[in-house]
Amino acid sequence: MYSVPKKFPTTIVGSYPKFSAAQEAIRRRKAGEVSEEEFRELVKPAIREAVEDHLWAGVDIISDGEQAREDMVVYFAERMRGYAVGDWVRIFDNEYFRKPIISSRLEWVAPMTVDHWRFASSISQGRPVKGILTGPYTMMEWSFDLHYKDRRELILDLAKAIRREVEELVRAGAQYIQVDEPALSTRPWREDAELLKEALDIIFRGIGAKRIVHICYGKLEKILPYILDYPVDQFDLEMVNSDFRLLPYLKEYGYNKELAFGAVDVHKLQVESVEEVEAAIDRVMRADVVGPEKAYVKPDCGMKRLPREIAREKMKNMVLAAQRAREKY
Amino acid sequence: MGAWSSVLGGFPRSRHVRKVLRDYERGSVTHGELEAAVAEASALLIGAQLAAGLTYVTDGMVDWHDIFRPFVESWRNVTPTGLLRYFDNNYFYRIPLFTGKPEPKGLVLAPRVRRFAKLAEPAGLKVVLPGPYTFAAMSEVRGLEREELAEAIAKLMGSEVRAAVEAGARAVQIDEPLLSDQEAERDEAVLAAELASKVAKEAGEAKTILAVYFDVPKAEVYEALLEAKVSCLSLDVIDAPERAAKLIASKGLKEGCAALGLINARNVYDDDLGKLEELFLSLTKGYEGEPGVTTSTWLDLLPYEYGIRKARILGLLAQRLGVR
Ligand SMILES: [Zn+2]
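For the protein sequence lines, the chains are U and X, in the order given.
First residue of the first sequence: 12, per the numbering used here; consecutive thereafter.
First residue of the second sequence: 35, per the numbering used here; consecutive thereafter.
With the rest of the complex left out, here is chain X (with noise of 0.2 Å):
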């Protein structure tokens, strides 16, 4: 039946990314010298999904030092503070302490994808956010309710994505790997699909993918989810197969497309093709939407050769079960 692929995050920074940065934050290096270093890397990193045969590609987001902190060095009101750990892995993000209603100073996204998008072809350019609902729950507050805070992101993220669809985004991914939490509530799942049902309104034509990862969610979670007025739902599979199998069998994909993550994006196996093909064809049989196949989670927690290589398996793999 054949499925779209693609990478469902960042990528790992190369050692010369890494000293780039190094030498940028201790004052050796100009800010435009690092702009060109991560501008080749991306370039690179594009260049390895487009010979891996992937349908969308990320420009690996090797500048990100989280998921949240884009958007909080382009924010007003929001701060980046100590560190925490980020689910569990052992990696930690800063806990971003927002003190009022966040303010754009500029855009992430669409500058990203002008430089980009082009390069990308014939892949679509895709762009990755943090969702509304795990962006606001991961955050300290001050100075406003939470849920305020959660509606005030996806205002902001909704302008995001608009400008990155003008700019030539094809796909765009909201993430809320929170609502992966075996605690997540029904009510919280409601309202992130709300939120990102807000983000995806301003997408225009491009495909929009809700993305939930590091675990398989609940079934009543994965039911809120489903109603999310996005193009796509995304399922880390490989972190709970029979989880997965089993939500999957009573809930069903979503209706239109559903993207399974089997490539494990945590480990450094070379993936066994013969038993993923195996797993998608029975979590995809007799669904009439279009599937896609990812990598488990974003690659960026991986050693660089790796996280290039898991790119190269992820194209095998939807090179065996039959391009889109």
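Excised from the complex, chain U in its bound form (with noise of 0.2 Å):
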């Protein structure tokens, strides 16, 4: 079994670029060539593709690459009960995707994930894989409400819905379970905060594996004294694009959890260095949030929109960076 070092150990949010054999797949299951287990199959060797990127980086905690998920949102609306198929909105320019909507009670049918977990894991030479949901505040926020009219029942529902698959997961062995909640920093309203409060519950209570949200941009400060004590054991932050601003915060507040801080940008193209994502670890150190064996060392976010080769190098230097810092701390 592989031994995630004590300190300094990396990780990825969990989308990677999409490898050819995923498009293909994705675009036949949508014409409707494929069943969802042709499709299935057909995604694995893309996840095996983007195993073997976090392998050659040598992360420590890794992903499927998220390979089977056009859309995080998508994903999961098209395999839960209680969602009709999406309208076409624009993501930006004249990119559209179809938002989906919610026409009945939601509920969870099937597992959607652990198959493709387990594949990684099949392949990732003991190497942890991270069991990687969304979120059901995102959920909520990023699809159409045609039947609950009520926040606060909409979001209970998704979240026992995540829960059974969460479930599903850490019974087939994944360590860690990670909800992806970007959604939240959009909208930092204290009811917001509290209101995931309550569905993270329902999601994590008695789960005896690493419970971690990711939450990323936005102005996370504003909800920061509301969403500390969320039931999770790591708080997975995006640090860099925002040039650590939370890191006071954090500090003010007594944070006291593991933190997975994002190390390299992947909205920039270009690759950090060695020495960059090593100053990166040092600004992190000396805001004396965190020790090093609570310190988990990332990218800001999924590094889907990057080109593959550059999404390898970033990986490559951080891995590097951790290294050294694991010789420093």
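Derived by calculation from the structure, the hints in this document are not laboratory data.
The structure presented is a predicted model; accordingly, all values stated were derived computationally and were not measured.
We put the beta carbon where it would ideally sit given N, CA and C, even for glycine.
Mixed in with the good hints, there may be bad ones.
Unchecked claim - Think about it this way: if two alpha-carbon atoms lie no more than 25 Å apart in a straight line, the pair counts; the simulated DSS-like pairs of lysine-lysine are: (1) X:K53 - U:K41; (2) X:K263 - X:K235; (3) U:K230 - U:K315; (4) X:K280 - U:K233; (5) X:K263 - X:K252; (6) U:K268 - U:K233; (7) X:K252 - U:K230; (8) U:K160 - X:K309; (9) X:K280 - X:K309; (10) U:K233 - X:K252; (11) X:K232 - X:K280; (12) U:K160 - X:K280.
Stated by the list, open to error - Ranges of calculated distance between the beta carbons of each label pair, as one might list FRET restraints: (13) X:G116 - U:G43: 52 to 60 Å; (14) U:P318 - X:A70: 44 to 52 Å; (15) X:E289 - U:Y260: 35 to 43 Å; (16) X:N111 - U:L157: 41 to 49 Å; (17) U:S284 - X:P275: 33 to 41 Å; (18) X:K280 - U:R92: 36 to 44 Å; (19) X:D304 - U:R316: 32 to 40 Å.
Each of the two chains sits in its own frame; use the hints to bring them together as a complex.
Encoded structure:
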């Protein structure tokens, strides 16, 4: 069994540039040419490539690269009961996606991510693979609702469905469960932060795996006091892109969980040098928020929008910088 | 008491428009064919707004990739760059990068007005433009001060507005969504109000509307905006109805004219007209100015059918309140 370093373990947020096998599989599934089972098989060569890149770079805790997920919300919406086929809305320029529509009570139907988690784990040479799920707040915010008309009821049903998937992942052996909530920072209101807390309680209560929530960008400092007691072991946060603005706030509020912090910027095409990543780690250490045992080094956010070569190199330099940091701290 | 009505801004693209735009980008459709498709789509949307009985209509702006883009593309010294999240939407705009004072290559609004003003009758055609403050603040700026840029944008927008009104626009809407941010400061609102006043000065007899949306502004920001020399101040009520009610109760509506964003432009429910009528009556109680009702934001982030449906629901609300 691979042993994750005690200090500065390296990890990723989850998504990785799509390999052609995955793109083709997604296209064929949409065109109705393949069944869900066939789709899953067709994606596997792409997952293999993503896993190999993570291994090549030397990342400690990896993912399946989310190769099957065309979109982080649509993927789950298409596999839960209660969602109708979405309708086209703009995401930028003339790019559109089918924004899911909730048309009846939401329920978990069958495992949505376990097969690919298992496959990635089987080829990860013992390195742990994160189970990664889109969180209930983001699922709610980035869907249209025609059924609940009550945000609390809606998010709690989503939480129950996601909880079920978490249980399946843990049963399969996942030691790290991450819930992604990029939408939270776009509406930094106390009510919203508290609503998500209630949902996370449902998702994570009694779960025997490392519980992680990923939140990125936006004005997180405004809701920090309301999220720090979330029932999770680790916050996975963007840092570089906002120039580590959050650090003094984390210090001020007496942060005491594990901190996975962004040490490379996924919005920049330029590959950070090892020294630059080291400097990012130094900055977090100087802020005196967490010790090296509680500090995980990772990119700000998912890497799906980067060219593959750049994503690979960024991971590689991140791993080298973490190695140096282990000697230093 | 009655209210005038208008959709706040742009509409979603139909499947056909999306396809033509895609084909145009691939080079299989000419610029002329693209323009024709956009004109047809605009005419249809104007028809939908007329059928809904709205007082002012827009051409739908279906060819705009984001609120800044048509201006960015018709000015020198600015280019669209990377994507950034647009407020709290799952939608991204391209950050304009200014490398010097912008200079116009041509006008954006007037040609559209010439094309559609007559078609829009008996409704008035409304043009919509990004406010200079929001425009400058949401751009990347090199080689000049941000405030200097905001001034330059105000000047260019002034020329846009003058030409648009000469061409037949009956209302001009200046959008300053950034001022709904809870971190916006009074100083910023003062500057935004001054710049909007400069733009509005060029509008002659047309109605000028300063629109703030995506959230309800803070009291001190709202106070500063009330000072803007525009005919009308437009608020997004439905994104935070309780805060909006509190704000209006303490600071009042703009003297002369105030628009209330009551139809939710960011969900697909059919709005509850009974409740909205009640809300409207309570917010405008004792108000002596001219109230208007609008959608809470643009409709461009809804699916196409729902965009059209929301315009119709807005019309039904206006009908219920009594057309002015
Ligand atoms: Zn993220």
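Hint by hint, here is what the structure shows:
{"no.": "1", "hint": "X:K53 - U:K41", "result": "holds, 18 Å"}
{"no.": "2", "hint": "X:K263 - X:K235", "result": "holds, 8 Å"}
{"no.": "3", "hint": "U:K230 - U:K315", "result": "holds, 23 Å"}
{"no.": "4", "hint": "X:K280 - U:K233", "result": "holds, 22 Å"}
{"no.": "5", "hint": "X:K263 - X:K252", "result": "holds, 20 Å"}
{"no.": "6", "hint": "U:K268 - U:K233", "result": "holds, 19 Å"}
{"no.": "7", "hint": "X:K252 - U:K230", "result": "holds, 17 Å"}
{"no.": "8", "hint": "U:K160 - X:K309", "result": "holds, 15 Å"}
{"no.": "9", "hint": "X:K280 - X:K309", "result": "holds, 17 Å"}
{"no.": "10", "hint": "U:K233 - X:K252", "result": "holds, 15 Å"}
{"no.": "11", "hint": "X:K232 - X:K280", "result": "violated, 30 Å"}
{"no.": "12", "hint": "U:K160 - X:K280", "result": "holds, 24 Å"}
{"no.": "13", "hint": "X:G116 - U:G43: 52 to 60 Å", "result": "violated, 35 Å"}
{"no.": "14", "hint": "U:P318 - X:A70: 44 to 52 Å", "result": "violated, 37 Å"}
{"no.": "15", "hint": "X:E289 - U:Y260: 35 to 43 Å", "result": "holds, 41 Å"}
{"no.": "16", "hint": "X:N111 - U:L157: 41 to 49 Å", "result": "holds, 46 Å"}
{"no.": "17", "hint": "U:S284 - X:P275: 33 to 41 Å", "result": "violated, 51 Å"}
{"no.": "18", "hint": "X:K280 - U:R92: 36 to 44 Å", "result": "holds, 40 Å"}
{"no.": "19", "hint": "X:D304 - U:R316: 32 to 40 Å", "result": "holds, 36 Å"}
When each numbered hint is compared with the structure, violations occur for hints 11, 13, 14 and 17.
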